[in-house]
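Protein chains in written order, with our numbering: chain L, 135 to 248; chain E, 871 to 985.
By construction, these hints were calculated from the structure, which means they are not laboratory data.
Any given hint might turn out to be false.
As the list claims (entries may be wrong) - If you anchor each label on the Cβ, the simulated ranges turn out as follows:
(1) T149/L <-> E887/E: 24 to 34 Å
(2) Y924/E <-> N218/L: 36 to 46 Å
(3) N218/L <-> K940/E: 21 to 31 Å
Stated by the list, open to error - Not the full set, but computed from the structure, chain E residues with beta-carbon under 10 Å of chain L:
(4) R913
(5) L917
(6) R920
(7) A923
(8) K972
(9) F975
(10) G978
The beta-carbon is built from N, C-alpha and C at its ideal position, and this holds for glycine as well.
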Amino acid sequence: DVKVTQSSRYLVKRTGEKVFLECVQDMDHENMFWYRQDPGLGLRLIYFSYDVKMKEKGDIPEGYSVSREKKERFSLILESASTNQTSMYLCASSPYRGSYNEQFFGPGTRLTVL
Amino acid sequence: AQTVTQSQPEMSVQEAETVTLSCTYDTSENNYYLFWYKQPPSRQMILVIRQEAYKQQNATENRFSVNFQKAAKSFSLKISDSQLGDTAMYFCAFMRHTNAGKSTFGDGTTLTVKP
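With the rest of the complex left out, here is chain L (with noise of 0.2 Å):
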């Protein structure tokens, strides 16, 4: 099975404090992906990698930058956090060739922004 993981379940920071959410997959799989998800507005995407040392941004990457130095590692980073990033954070990947594609979820981590 993949095994998409990241590094906390909950987390609380500060306001202006610089905050890594790390995620790891076991798969192999070229793509990953950063997702912000908040009640009524579904799933949206921050930015994702479809290789080591490449990323592109998504639709809402404004305050956050990303890094891919390993396949199997993605992070996300908040320079620094405002109390508007408070929101549960999903970390995804999947492989780029293959005939459907489909996306494997980590738990997810709900980050507070005090």
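Go by the hints and put chain E onto chain L.
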């Protein structure tokens, strides 16, 4: 850009009954994939069912089936013999055939199965 609309924010159904969740999408593409994902309370999101646009036959997975109407751009999910474990948020998702895995998700429908 593609959009996905789930018009039912919340639904409920009695155990053992059938429920249908609706999803519509907007695209100019001819070849694409559609998915339904399930997110149980405090658990990971998982794939429920998927459909390739060029296949006319509706996909089925045990108690889950879809009604795919390509011309109407509609992709509804039918859950038969609902079980308490089906209680979850359900997301409809669209992916272009050549989009390197990126999907567009709807806002989700929260389904509650009542005993």
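Taking the hints in turn, this is what the structure says about them:
| no. | hint | verdict |
| --- | --- | --- |
| 1 | T149/L <-> E887/E: 24 to 34 Å | violated, 47 Å |
| 2 | Y924/E <-> N218/L: 36 to 46 Å | holds, 41 Å |
| 3 | N218/L <-> K940/E: 21 to 31 Å | violated, 39 Å |
| 4 | R913 | holds, 7 Å |
| 5 | L917 | holds, 5 Å |
| 6 | R920 | holds, 6 Å |
| 7 | A923 | violated, 12 Å |
| 8 | K972 | holds, 6 Å |
| 9 | F975 | holds, 4 Å |
| 10 | G978 | holds, 5 Å |
Figure legend: structure checked against the earlier numbered hints; hints not met, in rising order: 1, 3 and 7.
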